[in-house]
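Now that you have both chains on their own, put them together as the hints suggest.
So you can see what is in the structure, the chains are spelled out below.
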Amino acid sequence: MGETTLNGFGAKPARPSGIRGVATDWASDQRAFKSASWGKAMMWIFLLSDTFIFSCFLLAYMTARSSTTVPWPNASEVFALHMFGADIPLILIAIMTFVLISSSGTMAMAVNFAYRKNKGATVALLLATAALGATFVGMQAFEWTKLITEGVRPWGNPWGAPQFGATFFMITGFHGTHVSFGVLFLLIVARKVWRGEYDRGDRGFFTSRPGDYEHVETMGLYWHFVDLVWVFIFAFFYLW
Amino acid sequence: MVDATPRMERDIPPAEVPELELYHPKSWWTTYVFSQDAKVIAIQYSGTAVAIGLVALVLSWLMRLQLGFPGTFSFITPEAYYQFITMHGMIMVIYLLTALFLGGFGNYLIPLMVGARDMVFPYVNMLSFWVYLLAVLVLVASFFVPGGPTGAGWTLYPPQAILGGTPGGQSWGIILMLVSLILFIIGFTMGGLNYAVTVIQGRTRGMTLMRMPLTVWGIFTATVMALLAFPALFVACVMMLFDRVLGTSFFMPALVEMGEQLSYGGGSPILFQHLFWFFGHPEVYIVALPAFGIVSDLISTHARKNIFGYRMMVWAIVIIGALSFIVWAHHMYVSGMHPWFGFFFATTTLIIAVPTAIKVYNWVLTLWRGDIHLTLPMLFALAFIVTFVNGGLTGLFLGNVVVDVPLSDTMFVVAHFHMVMGVAPIMVIFGAIYHWYPKITGRMLEDWMGKFHFWVTFVGAYAIFFPMHYVGLVGVPRRYPEIGEAAFMTAPVGNLNAFISVAALVVGFAQMVFLFNLVWSLRFGKEAGPNPWRATSLEWQTPITPPPHGNWGDERPVVYRWAYDYSVPGAPEDFIPQNDPWPEKAAARPA
Chain A
203 MGETTLNGFG AKPARPSGIR GVATDWASDQ RAFKSASWGK AMMWIFLLSD TFIFSCFLLA
263 YMTARSSTTV PWPNASEVFA LHMFGADIPL ILIAIMTFVL ISSSGTMAMA VNFAYRKNKG
323 ATVALLLATA ALGATFVGMQ AFEWTKLITE GVRPWGNPWG APQFGATFFM ITGFHGTHVS
383 FGVLFLLIVA RKVWRGEYDR GDRGFFTSRP GDYEHVETMG LYWHFVDLVW VFIFAFFYLW
Chain B
-19 MVDATPRMER DIPPAEVPEL ELYHPKSWWT TYVFSQDAKV IAIQYSGTAV AIGLVALVLS
41 WLMRLQLGFP GTFSFITPEA YYQFITMHGM IMVIYLLTAL FLGGFGNYLI PLMVGARDMV
101 FPYVNMLSFW VYLLAVLVLV ASFFVPGGPT GAGWTLYPPQ AILGGTPGGQ SWGIILMLVS
161 LILFIIGFTM GGLNYAVTVI QGRTRGMTLM RMPLTVWGIF TATVMALLAF PALFVACVMM
221 LFDRVLGTSF FMPALVEMGE QLSYGGGSPI LFQHLFWFFG HPEVYIVALP AFGIVSDLIS
281 THARKNIFGY RMMVWAIVII GALSFIVWAH HMYVSGMHPW FGFFFATTTL IIAVPTAIKV
341 YNWVLTLWRG DIHLTLPMLF ALAFIVTFVN GGLTGLFLGN VVVDVPLSDT MFVVAHFHMV
401 MGVAPIMVIF GAIYHWYPKI TGRMLEDWMG KFHFWVTFVG AYAIFFPMHY VGLVGVPRRY
461 PEIGEAAFMT APVGNLNAFI SVAALVVGFA QMVFLFNLVW SLRFGKEAGP NPWRATSLEW
521 QTPITPPPHG NWGDERPVVY RWAYDYSVPG APEDFIPQND PWPEKAAARP A
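Line by line, the protein sequences are chains A and B. Position in the first sequence counted from 1, then plus 202, gives you this note's numbering. Note that this note's numbering numbers the second sequence so that position 359 is 339, with each residue one more than the last.
Next up, chain B with everything else stripped away, as it sits in the complex (with noise of 0.2 Å):
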């Protein structure tokens, strides 16, 4: 049942569990470095992985560079071509998007949201935290070793991957990769573990799982998957490692190499390729579900009206979240799979359709005659919805046989995925940082930087990626850092790549002033208060803002009412926090 109706005081259990003292900080290093807080390790997350996502961005620019003028930038041959491709996938995937929905804004927003003080083992947490940053340090220090990086592309397929003729094959690139993808793994666990037991165990009186916020329920449902999804990448970097250095052949077929038979033989090349899509499905999902629950608040906050089928959006997250472990094999279409299995997997995954069709139905319809105010969160969170349908449509492409297999490795297929997966889901983060920057520091981001940076952003994203679609459709391969003299690489092909290297540009631009606004606002921003958006969820009513550690000062709170009771007729504002008694009897508000 949706808790829709507002609780009675006497309705609400007593505690169940008695107030546990938290680990005090006691020096400058255990408050800002070696800190067990989960809003300190929120950020320390979150800078890791803006700062790495900031390298993948540069590849990006490098990658384009090469495909827009290719020819013109000698420092850029094929081989380093391969690396910046391989190295912006991983980081973009795993390291920025992952690590900074689930280790950022899980770490920030779980406790909070739940009326929880802290995530329930915080000092797991915190070593969470410290692995992920040595995962990303490994993974930085494949740039430094001879031979570079590897170039397996961010898929990392076998045999190619551990060989010579592949840029890091036979070097320390796809040893360092393999090793930095494990310890991120372990890292991931501690933390995840947390944001799990958090969820279900630690929170306040009177919150039921009905009643979280939807980014709660999109954080948590991609924790869970997360946490059974990346064994099967553990597993598979485990086994390349094997192969790679102790010569097992796990996944190596015997193999002849510049005319020498190599000592491999008997491995299973798509043995990896289903582990790897074992784990690189839900993947996407882990990277999608947060984005739809965060979406679903900012639009529920910014248009001042509650969010259309609560119950539908939760199992629609949860269905997605099953279903997205049993797609994996559409993305092996061509791996020469019995077609029967072609068959059952394009069935399943145009299922998922449906769940994901009534999110964004219901997103649609909760805008539906809402009050919707055009800030900065809000024009992100339009700019998802219509990103994520378009990129979501070409997925039904790519999910039917018969279609993918000419579609297969063009440039179609990056276009469909980084609309999906890069631009939709980056498209709420930047709205989520521009919603909660101001529970985080007290001040509001400047309004006309975000608003050149949305506009650049939006724009920019389109003009990118769709004439790729078109590029693609063609028969551009992916991968290719440069095509030549063939019949389909017509000159306005040539055009149209140079076009969306000169837009990619022009957005990478465009991120520079968002960090500038971020450093920028930290200082001269507008004071916020403590609630600027009106917003009903918990972490809007914390006694002080920015919260400190513990969170809620004396008394956690205790909750009447689900997150979205906006404009509920007669009550005296146009919103009522999750912890607000009325009608029963007036609030306590923080000043």
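Okay, chain A solo, but in the shape it has when bound (with noise of 0.2 Å):
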């Protein structure tokens, strides 16, 4: 993608701050958001885009819960887990929602580095982030192969509504997918930091003007999404 940070170009003029700076940069010609590069603007739109496939996917699932006749599956009983001789609710659930918004507070921490230009502290910290991300698909997919085992279908279960199984795979999928690409590219950014790339400013995709590492923080900002939505889903599918 073509780039034009502007972080650390030009002079800066003096704006107004508040609702007065708001009309007046959107009064303004050339740019409507003056500290946003054309990544960071995409990013927000694009999110905003993608809050609304996952609200569709909640509402869907709300809808098909509260509509149904048969009993729903009781989330703590479903999402235990049995260790040392117990039956822990939600332990799995809280583990991984734990190691994500772990991620976030590592994904942060690049991102202030990478804003310092602490090159091996970002490289470290977005490998960081990669890894946890990781760990919450595998866990993921650990708990996935236990409902499966347990007899836990995208058409049936066996202990209640159909539309239990559908929507629990269709979502937390969905939002397993979200992660998955999102580590894919922590990958490819945290190479890229490392290679010295941003410096450069070298040509190809996410690439920044010289000396610009605004790409971590756009790249945080998906991560960061994808780590509010899971606390909507677990709010919804796990709480409820």
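Check the hints yourself; a few may be wrong.
[As the list claims (entries may be wrong)] Calculated pairs, EDC-like style, for lysine to aspartate or glutamate (alpha carbon to alpha carbon, straight line, at most 20 Å):
#1 A:236 - B:-4
#2 B:565 - B:554
#3 B:565 - B:535
#4 A:321 - A:227
#5 B:565 - B:545
#6 A:319 - A:404
#7 A:348 - A:404
#8 B:6 - A:404
#9 A:236 - B:-1
#10 B:431 - B:507
#11 B:506 - B:427
#12 A:236 - B:465
Since the hints were derived computationally from the structure, they do not count as laboratory data.
The following block contains the structure:
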């Protein structure tokens, strides 16, 4: 993608603050978001669109769950793990959530170190984020395997409404796909940081102007979004 | 504020973003096939959309042959008829109109009109087209699989869409349809992000949002709407695909088919309708808003007058776009919703008539005492206004629950939406092609062929759809291949149906003349020069016509004024281009 990041470019004229500043920016020429590069603006709009996808999925799930005439499987039993001689409800999902939220922490630190141009720390934190993300996906695969061996299928399950398996696999699957792609792109961005492509402003994909690390932040936007979506899935699927 | 007052050179801020070198193609393949130039992508999009649109046109002829002369054509079975209406509707709405307005006109006009060198992400833009082409190919493939394409109707309502009684329901037809839609949405998203970000962040110096031509406003708003509405269709398609392939029951209630209990149970068909129309109603305006924008520019240019109420026009576009997200259930009055929902959705539906009426008044007031040139774009623009008012008025009928219930699923509805979102936007597309063809090719389209095309299409469209309202009012239902003997199906109705069919075939023939004109004028058309319509907006001010990759030569244009400075008192000519600093100093014009 061609990129025109602006951090560090040119003198920034003083602009009014608050609502007046917003009005001034939107009334101005060239750009409505004065501090956002093209890539960042695109990511925000994409995430808005993606929000609608997840909202539709979750609303469909709620409709199915609230209109079904057969009982809905009990989340605290279905998602329990048998450990140390006791059924511990939601233990796996609690760990998964902890892992994913921790990855948002390392991502935020990676963005910070990227803007300080500390390449080593940025790469390490990006790789840590990717590792945590991959761990999340792995645990999700474990959870799927467990449910499948217990007889949960998209078209039915032993405990009640068939829509349970259908919505579960569809929504966590769609989210897991988001996480997996995120891990892939985290690795790509980490490689670019490591090789100094953002210092030189190499041509190619996800490129920037020389010396600009904003792509790490754009990547972070996506990652935090995926994390935020998980909070809703967690709340609606596991706590309801 | 409207930026109607020209800006002085010193008041225009310096460039905020340094220029970025574009990827310049090195071979024939990267210049014309895998091109990253928005203008080439626009032509690829348009060509594909028109090609698949021709398929839909032929399908409409076959439908009309069956309706006009039932029983005459033995190869049109009821199953085939259902497949024709389904594919005709789906292709026309999504693969032709949406793709042509946003992928075609959006790609060509946005960068030129806002003074950009290209879209902001040329590579993603290229991918957008290829995914769209893939979606079209998957759609076309469904004609050739066993069982043929789906015959579920363009709304694809479950449960019938995936049952054996519907053509393609238990074979490949519906699967390919859903996969094709999912691909289309992915492809569109890549393009749509480009169009939106280019408008928000990629404008040239001096180009404020309130100086953009209304064409850009229309396409931009429609793009944002599409980015928010297509997700609902995406979700609906994924879920129905799972219902069909994996045996889930998202939309499928417990059913008995041919005396056999199916394994489905507990799903909600109404949920699909909500998801579909949450996409489907904004979709109407995704098609209409670019048409609104383009027609405003056509009228202003060819009446040599500034658009009346520019600021109102912009806000009307934005308000229509926002309101269109809260009216969707007016397509579902007969679905068994709670009556209070009907009350709510009827109210919001009728409120949309206010900004829409503002736009119609403003078009008419722009024409008022204008120097109207009855050029081809102007003729089509006038036809649009008349047709849109006609279709809009029947929309007020259908928006009211009590009037809609008896009219629902009759040919009246078919006549209504063909007038308002079929004929009206197509009129604008024709007008726009006659208007911008000289910029795209450097030659004018042949005038007499265009006049012939216009009159046959305009009069023919009314010959088709006016009688259809009556046919619907007497109670002929839509989607029936044959009514047979019925008390309301009197001989005049049958004659009307035959008349409509003949008119449809004639109009179809006129489109062949148009296509011939497109090809013929490429070689033999009159040389157009850079600005044959003496228009103000930036795309007519490019140093070279047709504009090459990068559009602007060495320097991007600087914008000093809005796009509607026609017939300004005291100006040397009756138009002042946006990049003309008059009266501060004399402008440099392309020769």
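Each hint tested on the structure:
1. A:236 - B:-4: It holds: about 9 Å lies between the C-alpha atoms, which stays within 20 Å.
2. B:565 - B:554: Status holds; Cα separation ~17 Å.
3. B:565 - B:535: Holds, because 18 Å separates the two Cα atoms, which is no more than 20 Å.
4. A:321 - A:227: Distance ~33 Å between residue 321 of chain A and residue 227 of chain A Cα, so the pair is violated.
5. B:565 - B:545: Holds, at about 16 Å.
6. A:319 - A:404: Satisfied, since the Cα-Cα distance of roughly 17 Å is no more than 20 Å.
7. A:348 - A:404: 46 Å, violated
8. B:6 - A:404: The hint holds at about 19 Å.
9. A:236 - B:-1: 16 Å, holds
10. B:431 - B:507: 19 Å, holds
11. B:506 - B:427: Distance ~10 Å between residue 506 of chain B and residue 427 of chain B Cα, so the pair holds.
12. A:236 - B:465: Roughly 68 Å between the alpha carbons, so the hint for residue 236 of chain A and residue 465 of chain B is violated.
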